Amino acid sequence: MHVSHHGFGPDLVEVFGPSQTDGGPELVQLLTPEGERTHHPEFDRDFSAEELRGFYRDMVLTRRIDTEATALQRHGELGIWAQLLGQEAAQIGAGRALRPQDHVFPTYREHGVAWCRGVDPLALLGLFRGVDHGSWDPAEFGFGLYTIVIGAQALHATGYAMGMQRDGVVGTGDPERDAAVVAHFGDGASSQGDVNEAFIFAASYQAPVVFFCQNNQWAISEPIERQSRIPLYQRALGFGFPGVRVDGNDVLATYAVTQAALQRARDGQGPTLVEAYTYRMGAHTTTDDPTRYRLSDDVERWKLKDPISRLEVYMRRNGLADAELVDAVKEEADELGHRLREGCKAMPDPRALDMFDHVYAEETEELRVQREGYAAYLATFEEAGR
Amino acid sequence: MSEQITLAKGLNAGLRKAMEGDPKVLVMGEDVGKLGGVFRITDGLQKDFGEDRVIDSPLAESGIVGTAVGLALRGYRPVVEIQFDGFVYPAYDQIVCQVAKMHYRSKGRSPMPMVIRIPFGGGIGAVEHHSESPEAQFAHTPGLKVVACSNPVDGYWMIQQAIACDDPVIFLEPKRQYHADKVLLDESISPDPLFSSRVVRRGEHATLLAYGPTVKTALAAADAAAVEGKSLEVIDLRTLSPLDMGPVLDSVRRTGRAVVAHEAHVNLGLGAELAARITEECFYSLEAPVLRVGGFDTPYPASRIEEEFLPDLDRVLDAVDRSLDY
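If you're matching them up, the sequences are chains A and B in order. Its first residue numbered 96, the first sequence is counted upward by one per residue in this note's numbering. Its first residue numbered 48, the second sequence is counted upward by one per residue in this note's numbering.
None of these hints come from the bench; they were simulated from the model. Here the structure is a predicted model, which means the values were calculated and not measured. Backbone N, C-alpha and C define an ideal beta-carbon position, used for all residues, glycine too. Treat the hints with care, since some could be wrong.
Dumping the calculated SDA-like pairs for lysine to any residue here, alpha-carbon to alpha-carbon at most 25 Å [unchecked claim]: (1) B:K64 <-> A:Q196; (2) B:K71 <-> A:I295; (3) B:K154 <-> A:I295; (4) B:K154 <-> A:K425; (5) A:K425 <-> A:E235; (6) B:K154 <-> A:T127; (7) B:K64 <-> A:E457; (8) B:K71 <-> A:Q196; (9) B:K64 <-> B:A211.
So the derived label-pair ranges between C-beta atoms look like this [as the list claims (entries may be wrong)]: (10) B:P105 <-> A:A418: 55 to 65 Å; (11) A:E477 <-> B:A319: 48 to 58 Å; (12) A:E121 <-> B:R351: 56 to 66 Å; (13) B:P238 <-> A:E477: 38 to 48 Å; (14) B:P238 <-> A:D269: 53 to 63 Å.
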């Protein structure tokens, strides 16, 4: 081992090595890329056939949402789309570990978590089509609006969790009552001040929040090596709470780890950082070109870790899935795809005067005058056209 | 209550009253608990309302505002204290991108009933970043409301009104007047609405527009001008976004002249907006262009020369003379 000249200990890159595609020995895994069930001393649990089929269905449908949305963007129906291809297990595992009373603060790529919370995927498309900034009710679904500024929502999640503490819904021992919050963000956001401040606030107040970082290795074109010299989950220790790295392409492990972290939070034991080690198989958004900044070899290696095919292999081998199930889910995905295509194209544009709505809870006279002035101006065109 | 109070006392009593009236009101910020804030505005509140409602925070402004966003989403009404004006910038992103837009983004489903208190302005001999006037940055942001109190009675009522408001309010407090003057608070006299400006001195020859710390300066200028036979009307704007132009326009239509005084840099400041609106609405009544007196377009200077930077009585009177000379 190389010891650096300054005498403060070993060089960190020497200790941890460059980014590893296998996630290192600390990776919690319950299902190998080859579809073999493995066991973990801390996070293992049994899964029923029904749960496994549910995970499979969720992941296939989530992938279809993503591929349909990408196609819709290519056809000019969406202005942009943030792809999640490859991250289905990380999101379904995290999303299905939630209870109804929990609350999620997503970034803008959590389409699978939204699916788990019952948000209509068409509502997600509306944001990327540009008809609104998000039309679902955060309170109804326990799923906040997408946040575009990287990492800002980690603080909102922490504050919301502090509110739960004050509402007395943490650590009561009542499973119907105790609640927690999940803040989603990516490896790039881990560099932001807001995420680090959220860690400090959450630790200081022992807020019931799970920081769920999907380390998909790339922040647009910046690799994880540009964000961190150490594995991200290890940062938690420096803030005073536990961190764990889970195989983000393994839906079983992601579910088990997130569920444990959520329970810890609900029990009043404070925050946890979960690093879901995964890979963004597509572009950051439909506007970028990943072939300019990364090697196709890497992509090919990660293809072998596909979250859906590994679960399917495991289920088929163990008699938990057959052609009938696979065909039924595919048919459901086709129907969903059709609904998204038609629904997206049928979305009406907002009216021009809608832009003035909801700026304030109590509208100002200034804005009312502006709205009326613009309405009168628009009316002159209608009169001219008569 | 009917007693002589300072601005600091008025704000403290107003906060206390709001907390008593609504258990969802929380106070949050650096040193607001045991210390009672560096200016003692929150003095005694933690002792009476507990650590869950008066929250001493880590030293992170974005964190304070960002967690307050989450608390507001959970149904609380956070009142956050930014310790000094120049320290609000680390929270600027949270304020303009999140606080200001949450109601709009959510089509009204996620209101942000939050008050962000900022001690602002100079004249206390402080080091850099402790004397700034960032109001235009927030008044330029749709979704925020911005108010500035100028006296103890307004401080008492306006803080309660801001907390009751369902929109996020940037609440500016003239720090050099926290402990300066005592004024009689008579609670039997009902307050003006929060988003209203007020004529605080009647006059005929020109209208002085001021807010926060410059109201006192403007009133002193009017006193001095009266000795020379010039009668100046003084308006305390009180609300900066929205602006309450009614009393302003009425006044300028009568006097034909307007001078705006604020501590913030003149370039692209509130004075520019006021000049534009007065010109649009009162063009045929004006006898002179609207003139502005303010901080120069320099960073806030070292405190030994801050009196040169701040608009004082003489600079205001000079502008009045120039206006009257047209």
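These are the hints, each one checked on the structure:
no.: 1; hint: B:K64 <-> A:Q196; result: violated, 33 Å
no.: 2; hint: B:K71 <-> A:I295; result: holds, 24 Å
no.: 3; hint: B:K154 <-> A:I295; result: violated, 31 Å
no.: 4; hint: B:K154 <-> A:K425; result: violated, 35 Å
no.: 5; hint: A:K425 <-> A:E235; result: violated, 29 Å
no.: 6; hint: B:K154 <-> A:T127; result: violated, 44 Å
no.: 7; hint: B:K64 <-> A:E457; result: holds, 23 Å
no.: 8; hint: B:K71 <-> A:Q196; result: holds, 20 Å
no.: 9; hint: B:K64 <-> B:A211; result: holds, 11 Å
no.: 10; hint: B:P105 <-> A:A418: 55 to 65 Å; result: holds, 56 Å
no.: 11; hint: A:E477 <-> B:A319: 48 to 58 Å; result: violated, 35 Å
no.: 12; hint: A:E121 <-> B:R351: 56 to 66 Å; result: holds, 58 Å
no.: 13; hint: B:P238 <-> A:E477: 38 to 48 Å; result: holds, 45 Å
no.: 14; hint: B:P238 <-> A:D269: 53 to 63 Å; result: violated, 45 Å
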